[in-house]
Amino acid sequence: MAGTADSDRRVGWYRQMWTIRLFEEKVQELFMSGLIQGTTHLCQGQEAVSVGSISAMQPGDVQTNTYRGHGEALALGMTPETGFAELMGRSAGGSKGVGGSMHFIDTSLGNIGANAIVGAGLPIAVGAALSFKLQGKPHGALTFFGDGATNIGTFHEALNMAAVWKTPVVFIITNNLYGEYSPQMTTTATKDLARRADPFGMPGIIVDGQDVDVVHREVSAALERAKAGEGPSLLEMKTYRYRGHSRTDPAKYRAPGELEAWKLRDPIDILGAKLAEEGLLSADAQQQVRTEVQAAIDAAAERAAQSPVLTLEETRQYVYAD
Amino acid sequence: MAGTADSDRRVGWYRQMWTIRLFEEKVQELFMSGLIQGTTHLCQGQEAVSVGSISAMQPGDVQTNTYRGHGEALALGMTPETGFAELMGRSAGGSKGVGGSMHFIDTSLGNIGANAIVGAGLPIAVGAALSFKLQGKPHGALTFFGDGATNIGTFHEALNMAAVWKTPVVFIITNNLYGEYSPQMTTTATKDLARRADPFGMPGIIVDGQDVDVVHREVSAALERAKAGEGPSLLEMKTYRYRGHSRTDPAKYRAPGELEAWKLRDPIDILGAKLAEEGLLSADAQQQVRTEVQAAIDAAAERAAQSPVLTLEETRQYVYAD
Amino acid sequence: MSTLTEAAPVATTEPEEVELTYREAVNAALEDAMAEDPTVVLMGEDVNADGGVFKTNIGLPERFPGRVMPTPICENGFMGVALGMSITGMRPIVEIMFADFLPTAGDAIVNQLPKYRYMSGGQFTVPVTVRVMSGGGGRFGTQHSATAESWYMAQPGMRIAAASSSQAAYELLRASIRNNDPVLFFEHKALYPRKGPVRRGTIADVGTAKVLREGNDVTILATLLMVERSLQAAEQLAAEGISAEVIDLRWVRPIDLPTIEASVAKTGRLVIAEEQWHEGGWGATVISELAMRGTPWKSAPRAVSLPHDLLIPYSPTLEDEMLPSVDRIAAAARESVGR
Amino acid sequence: MSTLTEAAPVATTEPEEVELTYREAVNAALEDAMAEDPTVVLMGEDVNADGGVFKTNIGLPERFPGRVMPTPICENGFMGVALGMSITGMRPIVEIMFADFLPTAGDAIVNQLPKYRYMSGGQFTVPVTVRVMSGGGGRFGTQHSATAESWYMAQPGMRIAAASSSQAAYELLRASIRNNDPVLFFEHKALYPRKGPVRRGTIADVGTAKVLREGNDVTILATLLMVERSLQAAEQLAAEGISAEVIDLRWVRPIDLPTIEASVAKTGRLVIAEEQWHEGGWGATVISELAMRGTPWKSAPRAVSLPHDLLIPYSPTLEDEMLPSVDRIAAAARESVGR
Ligand SMILES: Cc1ncc(C[n+]2csc(CCOP(=O)(O)OP(=O)(O)O)c2C)c(N)n1
Ligand SMILES: Cc1ncc(C[n+]2csc(CCOP(=O)(O)OP(=O)(O)O)c2C)c(N)n1
Ligand SMILES: [Mg+2]
Ligand SMILES: [Mg+2]
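Residue numbers (our numbering), protein chains in the order written: chain A, 1 to 322; chain B, 1001 to 1322; chain C, 2001 to 2339; chain D, 3001 to 3339.
There could be a bad hint or two in this list.
A short, non-exhaustive set of chain B residues, derived as facing chain C with CB atoms under 7 angstroms [stated by the list, open to error]:
| id | residue |
| --- | --- |
| 1 | V1011 |
| 2 | Q1037 |
| 3 | G1038 |
| 4 | G1089 |
| 5 | G1097 |
| 6 | G1099 |
| 7 | G1148 |
| 8 | G1179 |
| 9 | E1180 |
| 10 | Y1181 |
| 11 | S1182 |
| 12 | T1187 |
| 13 | W1262 |
| 14 | L1312 |
| 15 | T1315 |
| 16 | V1319 |
Below, simulated EDC-like cross-link-like pairs (lysine to aspartate or glutamate); rule was C-alpha separation at most 20 angstroms, straight line [unchecked claim]:
| id | chain 1 | residue 1 | chain 2 | residue 2 |
| --- | --- | --- | --- | --- |
| 17 | C | K2266 | C | D2256 |
| 18 | A | K191 | B | D1198 |
| 19 | B | K1166 | A | D192 |
| 20 | A | K191 | B | E1230 |
| 21 | A | K26 | A | D192 |
| 22 | B | K1252 | C | E2062 |
| 23 | B | K1238 | B | D1213 |
| 24 | A | K252 | D | D3256 |
Derived by calculation from the structure, the hints in this document are not laboratory data.
Each residue gets a CB set at the ideal place from its N, CA and C atoms; glycine is no exception.
Bound conformation, chain A alone (with noise of 0.2 angstroms):
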């Protein structure tokens, strides 16, 4: 039944939720010391948006994300090592290296696309889905967006396909609050973006974005009416990016107090604090999870350095199929 998550479940989150966040810190390091390059998109604060949605899915389930995707990534069961190894161009990455930040993909675990690109993601999900119910699969697709990507045109076409074709499709807009450097109402006509549901007499449903449970719970009762034939949802994750949009941002643009605040309701804290008063993980077993996170993060960041870099031969492979 949708919406229910046995004691151990939510222990494995709360673990993954520092899996993420520590991973994401980890990467950053990485960056200062030359090991990474590029860019990056990190996910801190966002990681119950990521692991409430993503434990809604059934194997034979798939996503799409973003650049900003680790999370969802790490949260399929990507390892950290398999991460860190693309973050390092290495062929023990996900994508063999060639792919880096921001195309975390692991067709095995469901993750059917992580795009550089705003809105691409969208149509490619419908796709999918579209895919599953033509063939008679029990299977459903999420993707997930930012509240910036609701200003692009796939998002509107991607929309009204999957509701016109009443795919098994579950939109996820991670809406934290900035496109880049732009805050949401200098650039969007609308406050709360589960309201672009209501044209395609589609659900648009906003939800506690810091609360594992709360995502969950609506993913799960989404994608099971998504499918159940009773067509796709628009679901609003009203939540916070912790870092700048990428590397090179220092965040300035932000009002005075805001990360603060928003850090009061951190989302690991929020499972935490639920989960001792409900005797599941006291506080020293969750100081316990992180630590032991912690060394294996930094473990597998070590595993991931030794591994090779391709020729640029060996990824012509890659190009073509045929």
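Dock chains B, C and D with the ligands against chain A, hints included.
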């Protein structure tokens, strides 16, 4: 003041609507005789939308429309001769014969674009409106497009930008129930397209597109609001095209009786009945208008056929300004 | 979940010689591909109604219920949908009504279809075929008359085919659909009514050009409608004692340089006949590749293209002047042999 | 209503010699253009925040309040808006954050900007400048590393500039903004920190290439980052006694064939250095045009391009290998002179 039109103007509309109707009929005839080639998208049945909307414009206002734009062009004051010459590829055409049926343009009349690409005219109108606002000019813009066009990304992008920037623009959907051969509901997740305004916090208004008085009143009001800085509106004109989508379309996809039912509410008849009842234009006088218009149309087509064709070399000046 | 379309063809088409219009040949290729492989679907604007806008899809909606799918007007969106279908077990064919609408789907064509497999380190196959109705001469005006065959030729990860005859349309479309990578497949609007023999069941090789007429004095290389015009020019030239070899390029990506080189090694002369501007097109690329290989020309290569810095007009007489004609092709060939 | 931007420049910039980074040169061109002409505005994603994503816009929002306008993320949409502004009295500059996003605005770029004047029979002028941040080497991966300078070169009705240095950035951007037709103006991300002299107030000619270093043995023709690498290669070659002439193409459309021809007439040899695949690019077009003019080569022309049928990888070492290097350019030049 918005929405009140004096008697003389309304008699003028009656004549304009016949001009559009008979112009289009003549186009069909000239096609059959080979004097016009290629394709054309006729607008018989939609005359009230063109005339009622365009008559709401003030000097300096502009509009963009589509490949089905003969009605708007004529309502703006393009002479039938100019139109026929364009269709015959002659230099007396509004676009010198290089544009053709899909590109009736006359900047001196405020016709700043007839576009053959679905959805392309909307952002252009938003841009014109933004430009007026930035320059402190008191003008506004209309943009005409079809029901099918509300599914393409630029529709969404244009509405969002217009709403964010509060540009003086009015979006006019000529909802004739079909996009090419596809009935609206097979491609569109919304019956009342006016609803698509809602997420942008913009009025979405359903308008009887068969009644030129109603169209004029609603467009006038929307344009006044827009120019007063109160933001754009989305107007859905419920109407119908009597002919198939384009020259080659026999319109087999229509439900039996549908065309006939719409003809019972013919826009010219509706205005004619009112004018007769109000004692402004008797039935005889109406017949007289029709006869005069027909004669003018026939004469215009003959004169247009006398216009020379440019040389290819002469078209070079239209490619670059510098 | 494997992303390979694992469904092996469930049927094969019996070889059969028939006389078909180009339009019917496209239809036959679609029909045979759909009959052989249940994962093949056809999608696009109005593809199901009245045989589709160019009547290439007649009978398909009835024969394959649910597999001929009309889409809303949103080229970028439905191209992305096709991609999503292709990586989850299907083999979609997408119809683009006019080549000029390809840029509306620009992101899907440039950044998604050809790169999707690569970005994943080879995890996906993307068997999407994009059927594009292209070309001028229809008096459709400047936004509806492009061939567009070279617009995306620079992009690795995608292939591009262009069909010049009924047989070519059939076998190249079959090859495009079978191929496990994205293919842009170009049809020419003016060719739809042309009739020609078709060997049904044939599937073309990817990447091979075809010598349609042998000759010794000059090679004429063309695509789409220009192939027909080149063959007509070759007839004219033959009457004057000039022996022209006519090659149908067939694949704009990859370009079959060996076939072209072999011909030019024999004739020493090359005329490109292209319904596009010379800048940035396959014609320029072919000449450049030959030049870089040190081809010993008997006379400088020539190109018959759309006139420089002019756009395609609506006006029928002007449009006819704009497109490369049989006479212009013949004249270029004549010049190249010094007559 | 006239659609010409009638506002004559209200000020002119005093000629001044300064030392600027390429980034500062772009900034200076924007500043001077905006100061001289009140109809000039700058728009695009995040153009106003923190100097813009590549810090080219520092100080402009403060100096020109309301004229540096952030847009939502919708390239096709805001490109259309710019067009609408340009035909109603303004002169917009649109910023495209990565060249790879140009296809997202594909329709505006292919069917609107370059054709809008033409379709109306010359009633409009469309003075839109599109500033494009382009190029590889930043480890941005395969969807963020294109130069794209040749993608739209086939299209009459539009011009294309590419800046290789601070001076070029300044004077070409000024020329692009002044021009009354649409211009795609390419900046290279890797060049932003480079420093060089700039003569402020200069406005480049449209369509002229520039000989940056004279030489007699071989001509190297390049754009963007490849110009710098070609100059470095020329240094290497000089040490070996090979005299290379280096030309910065500057305009991909129109191509300055006379300047290139004059150089090749002298050297008899040509090396193209291009950060793009050879197919469909300006390099192929240049070689083809020269071949068609019967250029008497001393040795076959050569091109140093992105490797055939590979895509641009993230992996830093691989990306470095992918892009044409100084060594590869020098090697091609050496080969061309037979060493
Ligand atoms: C089509 C396109 N335009 C612009 C960009 C550059 N860009 C990358 S992320 C981004 C902001 C997206 O904001 P949002 O959708 O809110 O997602 P977030 O980054 O906050 O997760 C922009 C403009 C892009 N990648 N693709
Ligand atoms: C981007 C694009 N896609 C497809 C087409 C082909 N096409 C021309 S008109 C049309 C239908 C448009 O329907 P609608 O918006 O309802 O306008 P109507 O023709 O009914 O006036 C289509 C699909 C086009 N011109 N542009
Ligand atoms: Mg955001
Ligand atoms: Mg319609």
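Status of each hint after checking the structure:
no. : hint               : in the structure
1   : V1011              : violated, 35 angstroms
2   : Q1037              : holds, 4 angstroms
3   : G1038              : holds, 3 angstroms
4   : G1089              : holds, 3 angstroms
5   : G1097              : holds, 4 angstroms
6   : G1099              : holds, 6 angstroms
7   : G1148              : holds, 5 angstroms
8   : G1179              : holds, 6 angstroms
9   : E1180              : holds, 5 angstroms
10  : Y1181              : holds, 4 angstroms
11  : S1182              : holds, 6 angstroms
12  : T1187              : holds, 4 angstroms
13  : W1262              : violated, 20 angstroms
14  : L1312              : holds, 5 angstroms
15  : T1315              : holds, 6 angstroms
16  : V1319              : holds, 6 angstroms
17  : C:K2266 to C:D2256 : holds, 16 angstroms
18  : A:K191 to B:D1198  : holds, 12 angstroms
19  : B:K1166 to A:D192  : holds, 19 angstroms
20  : A:K191 to B:E1230  : holds, 18 angstroms
21  : A:K26 to A:D192    : violated, 33 angstroms
22  : B:K1252 to C:E2062 : holds, 16 angstroms
23  : B:K1238 to B:D1213 : holds, 14 angstroms
24  : A:K252 to D:D3256  : violated, 45 angstroms
In this structure, the hints that do not hold are numbers 1, 13, 21 and 24, in rising order.
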